[in-house]
Amino acid sequence: MVAHHGPSAADGPFTTRQLLRLDHALRIANTETGLTFSVFIGEFETPAREYAERLHRQIDGAAEAVLIAVSPNQRKLEIVTGNEARKRISDRDAKLAGLSMAAAFAGGDLAGGVVAGLDQLASHAGRS
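For the sequence shown, our numbering assigns the number 16 to the initial residue and increments by one for each residue that follows.
Mixed in with the good hints there might be a few duds.
[Unchecked claim] Derived DEER-like restraints, expressed as beta-carbon distance ranges:
# : residue 1 : residue 2 : range
1 : Q89       : L114      : 16 to 22 Å
2 : G123      : S143      : 30 to 36 Å
3 : G123      : D75       : 31 to 37 Å
4 : G127      : T46       : 18 to 24 Å
5 : G76       : D38       : 18 to 24 Å
6 : S143      : K91       : 29 to 35 Å
7 : K110      : Q89       : 16 to 22 Å
8 : D75       : G122      : 29 to 35 Å
9 : A118      : I43       : 17 to 23 Å
[To be verified] With a Cα cut of at most 20 Å, we get these calculated EDC-like pairs of lysine to aspartate or glutamate:
#  : residue 1 : residue 2
10 : K102      : D134
11 : K91       : D106
12 : K110      : E65
13 : K102      : E47
None of these hints come from the bench; they were simulated from the model. As the structure is a prediction and not an experimental result, all values here were calculated from the model. Glycine is no exception: its CB is placed at the ideal position from the N, C-alpha and C atoms.
Build the full structure now, drawing on both the sequences and the hints.
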C-alpha cells in the first residue's frame, strides 16, 4: 500500500510511472518474502519514531509488516519492522537500506530510493 496524505495523488510527489514502479516493487517484496511491506510518504507528527510506530500498528498483520515512512519536507526516514519481520530483517539490515535510500533521496530520487530500499529489505528477509 502506498499511502499519500494531503493533496490528491495527482498533486503528490510521484508521477504515474513512479507510482507504478513503487506498486510493482511492493508486490514483488510482499510475494517473495510473505511479509507485508507498506510505504508512507507525508508529514510526520513528532516524535517521528513514535508516529511511524503508530502507523505501523495500523497495518493488518503488523507482526509480519515492514513500514517505510518518509517525510521529504522534514528530511526524515523511519523503517519499522513487526516482531516476526524483525526476525528476518535485522536493525543493521534496516540501517543499511536506510542509508541507501537516503543517498538516493539526497540525489533527488524519492521514488528510486524507496524502490531500492524495498528491494534491499526484501533481499535481507529472504523468501518465505
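Now for the hints, and whether the structure bears them out:
no.: 1; hint: Q89 to L114: 16 to 22 Å; in the structure: holds, 18 Å
no.: 2; hint: G123 to S143: 30 to 36 Å; in the structure: holds, 34 Å
no.: 3; hint: G123 to D75: 31 to 37 Å; in the structure: holds, 33 Å
no.: 4; hint: G127 to T46: 18 to 24 Å; in the structure: holds, 21 Å
no.: 5; hint: G76 to D38: 18 to 24 Å; in the structure: holds, 19 Å
no.: 6; hint: S143 to K91: 29 to 35 Å; in the structure: holds, 30 Å
no.: 7; hint: K110 to Q89: 16 to 22 Å; in the structure: holds, 19 Å
no.: 8; hint: D75 to G122: 29 to 35 Å; in the structure: holds, 34 Å
no.: 9; hint: A118 to I43: 17 to 23 Å; in the structure: holds, 22 Å
no.: 10; hint: K102 to D134; in the structure: holds, 18 Å
no.: 11; hint: K91 to D106; in the structure: holds, 17 Å
no.: 12; hint: K110 to E65; in the structure: holds, 17 Å
no.: 13; hint: K102 to E47; in the structure: holds, 16 Å
No hint from the list above goes unmet by this structure.
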